[in-house]
Amino acid sequence: MRVGALGPVEVLGTDVPVNLGGPKPKALLAALLLEPRHVVSVERLVDLIWDERPPSSAVALVHTYVSLLRRGFATVGAQSALVTRAPGYLLDVDPANVDLVLFTRYRDDARQAEQELDFNAAAEHHRQALALWRGPAFGGVDARFARSRAGALEDERLAAEEGLARCELALGQVRAAVSRLTLLTAAHPLREEGRGLLMRALYLSGRQGDALAAYRAGREQLIAELGVEPGPTLRELHARILDGTLAAPAAQQPATQLATLPAPRPPEVTAPNLLPPDVADFTGRDEAVAHIRAYARSATHPVIVVSGVGGAGKSALAVHCAHLLAAGYPDGVLFADLHGAGKPVESADVLARFLRALGVAGADLPDDPDERAELYRMTVAGRHVIIVLDNVRSEQQVRPLLPGSGSCLVIVTSRSRLTGLAGAEPIELDILSATASLDMLGRIVGAARTGAEPEAAATIARLCAGVPLAIRVAGAKLLARAHWPLRTLAARLSDERRRLDELAVGDLAIRSSLELNYAELAGSHRRAFHLLSLLGLPDFGAWLAAPLLDVDLDEAEDVVEHLVDLRLLDIAGIDAIGRVRYRFHDLVQLFGAEQAARHEPEDVVRAALCRALAVLRALVETGAARLPRVTLGLRPAPAPTVELDPRLAAEVSDDPTGWLKSETQTVVRALERAHELGADEASTTLITSLLSSPFAARNEFDGWQRSHEVALRAAVSSGDRHAEATVLAGLGQLFYERDEFATALAHFRNALRLAADIGADPVRAVALVGIGTVQRDLAEFTEARACLEAAAELAGRTGDRGVLAAARYGFGAIHRDHGDLTAATAALEECVALYRDLDDRRGEALALRGLSLCRRAAGDAEAAAALSEQALKILEEAGDTLGAAYALQSLAKARIRQGRLDAVPELLARARETCTTHRDRFGTALITRTQGELALAAGDTTGAATLLTDALGQWRDLRLPLWEARTLRDLAAAVNSPDHWTRALGIFTATQAREHTELAPHTPETWRAHVHHPDL
115 MRVGALGPVE
125 VLGTDVPVNL
135 GGPKPKALLA
145 ALLLEPRHVV
155 SVERLVDLIW
165 DERPPSSAVA
175 LVHTYVSLLR
185 RGFATVGAQS
195 ALVTRAPGYL
205 LDVDPANVDL
215 VLFTRYRDDA
225 RQAEQELDFN
235 AAAEHHRQAL
245 ALWRGPAFGG
255 VDARFARSRA
265 GALEDERLAA
275 EEGLARCELA
285 LGQVRAAVSR
295 LTLLTAAHPL
305 REEGRGLLMR
315 ALYLSGRQGD
325 ALAAYRAGRE
335 QLIAELGVEP
345 GPTLRELHAR
355 ILDGTLAAPA
365 AQQPATQLAT
375 LPAPRPPEVT
385 APNLLPPDVA
395 DFTGRDEAVA
405 HIRAYARSAT
415 HPVIVVSGVG
425 GAGKSALAVH
435 CAHLLAAGYP
445 DGVLFADLHG
455 AGKPVESADV
465 LARFLRALGV
475 AGADLPDDPD
485 ERAELYRMTV
495 AGRHVIIVLD
505 NVRSEQQVRP
515 LLPGSGSCLV
525 IVTSRSRLTG
535 LAGAEPIELD
545 ILSATASLDM
555 LGRIVGAART
565 GAEPEAAATI
575 ARLCAGVPLA
585 IRVAGAKLLA
595 RAHWPLRTLA
605 ARLSDERRRL
615 DELAVGDLAI
625 RSSLELNYAE
635 LAGSHRRAFH
645 LLSLLGLPDF
655 GAWLAAPLLD
665 VDLDEAEDVV
675 EHLVDLRLLD
685 IAGIDAIGRV
695 RYRFHDLVQL
705 FGAEQAARHE
715 PEDVVRAALC
725 RALAVLRALV
735 ETGAARLPRV
745 TLGLRPAPAP
755 TVELDPRLAA
765 EVSDDPTGWL
775 KSETQTVVRA
785 LERAHELGAD
795 EASTTLITSL
805 LSSPFAARNE
815 FDGWQRSHEV
825 ALRAAVSSGD
835 RHAEATVLAG
845 LGQLFYERDE
855 FATALAHFRN
865 ALRLAADIGA
875 DPVRAVALVG
885 IGTVQRDLAE
895 FTEARACLEA
905 AAELAGRTGD
915 RGVLAAARYG
925 FGAIHRDHGD
935 LTAATAALEE
945 CVALYRDLDD
955 RRGEALALRG
965 LSLCRRAAGD
975 AEAAAALSEQ
985 ALKILEEAGD
995 TLGAAYALQS
1005 LAKARIRQGR
1015 LDAVPELLAR
1025 ARETCTTHRD
1035 RFGTALITRT
1045 QGELALAAGD
1055 TTGAATLLTD
1065 ALGQWRDLRL
1075 PLWEARTLRD
1085 LAAAVNSPDH
1095 WTRALGIFTA
1105 TQAREHTELA
1115 PHTPETWRAH
1125 VHHPDL
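Residue numbers for the sequence shown follow this note's numbering, beginning at 115 and rising by one.
None of these hints come from the bench; they were simulated from the model.
Every value quoted in this text rests on a predicted model; they were computed, and no experiment measured them.
Here a beta-carbon is modelled for each residue, glycine too, at the ideal position from N, C-alpha and C.
Keep in mind that the hints are not guaranteed to be accurate.
[Unchecked claim] The calculated label-pair distances, taken between Cβ atoms and stated as ranges, are:
no., residue 1, residue 2, range
1, 1052, 610, 54 to 62 Å
2, 208, 610, 54 to 62 Å
3, 290, 222, 18 to 26 Å
4, 633, 832, 27 to 35 Å
5, 610, 222, 52 to 60 Å
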């Protein structure tokens, strides 16, 4: 399989294009191609496909297009190429099968080879890059992003054509170059690079007049179309052709002077070499090394700034590259450690050392720093010297040490980015990958030793968290203790409390490296570092520092950014609502927590944590008020008033879904840390806010369960029985939403028992309606009705109309399952009215869907479809995608009953995609069964049998007998199986379901005809 965008957007299997659908699915594929193997959010895809003017159904359409693309990929055996991964999708294809990726690789390889003067290899890479093109890029996609990217790619293609011509000239293939450049210049007459190459090629082939004519033609066109003269490079080339000073064919030089060999120095001059020894086991920085080497060859005044956290290997990289490049700088290598994170060295002192190394007598050194810098620049002028300035603290340290001559290479290392050095090339060193970390450890201790214990070696590499200094310390410790098996050090490092102690040997220590930056912290900056480290969050927004420090948002952001400047914090990325997220490196977080335990009093930590949790609760409640509610959920008790910064409140109100997506892990981890640090009262107060919509309506099962489990521990340890009952009810709902009905019942019953003991009637009512709901799904109708009646009676006493509405929904569903459609309709209409009074749009929509099922059961498919459409609209507007999937399913069923089958597959595909994403097993089983019913109605008994058998297995896994019977009934019709039919009738009879009466007159064969009938 090949995926192409350098021409029409297409997927090819054995050179046959796959049917991808229309322009929009192709636009979706093109958008994913821009970032292969990276998740692109649904919101971003919507913006790209519709140029930020999407229709209201855009999100649903994206899911549809995904389904279409997946069907296309499936035809070439690549079913897993398009992966669902929150918050969107990623294209998981081998880069070697994507022409965009291949083009970039060949282009970069060609440029590298040109820089190394390997023109044969460069020409071959250019040809490989150009051979990938089949026409204008992103053909068939008219979205703005595609047009913009296509324009940039076209420039790259033309540059590759010009690069190939340069190589042909350098290889003496002048005739081929003339032919290529003549066509290229005719098609793109305003490109001065191509015209200059054509002039050079014509001249080198002995056609001086044609070369001058090519210049005149280009000049006339530039003036006519743009009103400008040719650039200085083209004018200079014209002048050299006129006066005959351009190199003759017999003395050709490479057309691009990307590397100029320095003139040899006089033999009597001794070149200084102050460079420390290279690192023998240097590893893991191939990309950075290639970047430095290429930049050193091509830049006119090469100054490189290598930045990164302490221990990232900045100095090792600079020294390694200086050794690699030293042969090209015969006038010497200068090196100075400026101790950027300790006591800085004065630039004047470094200048004195450098000047003496360059042969200036000590007596001739000026005392004035400015005069000393001038003498230094005069001394290195015209020489080819590498200057390595290590551990620089600020731009002010560097500027006096920069030569005025472009013949020198300067490599600066610093924990700061030194963005004030104009024109410097930045190289940011990130932590090493797991593979590179393991490779580095193997190079230090020996591949045989890591190979003998691969799991322990991988654990050591992982716990060193990609920091080269930590890996080097671990390796040094293993070398010092050659008798240790690797698992011994792995076990020691696994204990967080002693990890920093273990990562120290001789004069190498992670803690010492971190203390250099930590020493620069004071006041609020130090306290922020302590408290944020103590929380141990996966990532966070700067706003969190405001309640922790009790400062405003602006000051909080300044404090956090200062930690970034000191390399104690990293930028994690941009969250769903466009804010910067920050994170600690693992070892930095351990160091910060260690310092917090040493310097922050417990009461200060607890007070800061309580402030943060109070703000979190207020923010969660602000978001919950704007999201679809959870019908069974307890509403939070009134919280103490917290005055939110208007900017924070607006962020949540404007995009509650995006805010919760960004902050869910913050909430969960904050709860866990509150319990771990003894702030149980604050954590159990926050948990009641989480019992409503933020987790449940979005099926955030992991976060929901973690938060409730820690709240349950907190409630038990603090003796708060009301909080314990409340959390147990929340856990009941969690496991109900996860379709784990037995566990849900156990939690609801425990909540009921505890709530009865303490007289907590609101919690009793929720537990009862939860028990009744689960029992209804299990077809235990007598018990379910009793619980729902008790819940309704309690709700009437307490005035909880939410519980009353949920009970009415349960009554309606039970009546419908027993065939009393009049009573079912009355109960569900009352349920709709209650939810409308509560302004609970989710509850209202689900009740409308319940009414739709009643209408369909009564044979009124048109009314059923209208009610499902109404429910769908409400749920989509409320942002409840999972509820909307159920409305899509009921709409699909109504369409089947109407005989309108054409649109049903798309409805069900959208619904199934959502249920799969939300890990909703009940919904997936329901939609699988409906797809089987659709196949049965369409006369595809083979397809129906496959789908219904699949659904039957899912219902049995869920242990839902009534749904098993309904599927058996349809399966019996598909395969004409009396056995299936008899088993279905047995279950319907035992549960007194309405289907018992409906099936009495039928056999499997007559039921199939019944299903086919469009009026039923």
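Consistency of the hints with the structure:
1. Judged by the Cβ atoms, the range 54 to 62 Å given for residue 1052 and residue 610 holds: they are separated by roughly 60 Å.
2. For residue 208 paired with residue 610, a C-beta distance near 38 Å fails the hint of 54 to 62 Å.
3. For residue 290 paired with residue 222, a C-beta distance near 23 Å keeps the hint of 18 to 26 Å intact.
4. The supplied range of 27 to 35 Å is broken by residue 633 and residue 832, whose beta-carbon atoms lie about 40 Å from each other.
5. Residue 610 and residue 222 have their C-beta atoms about 41 Å apart, which leaves the hinted 52 to 60 Å range violated.
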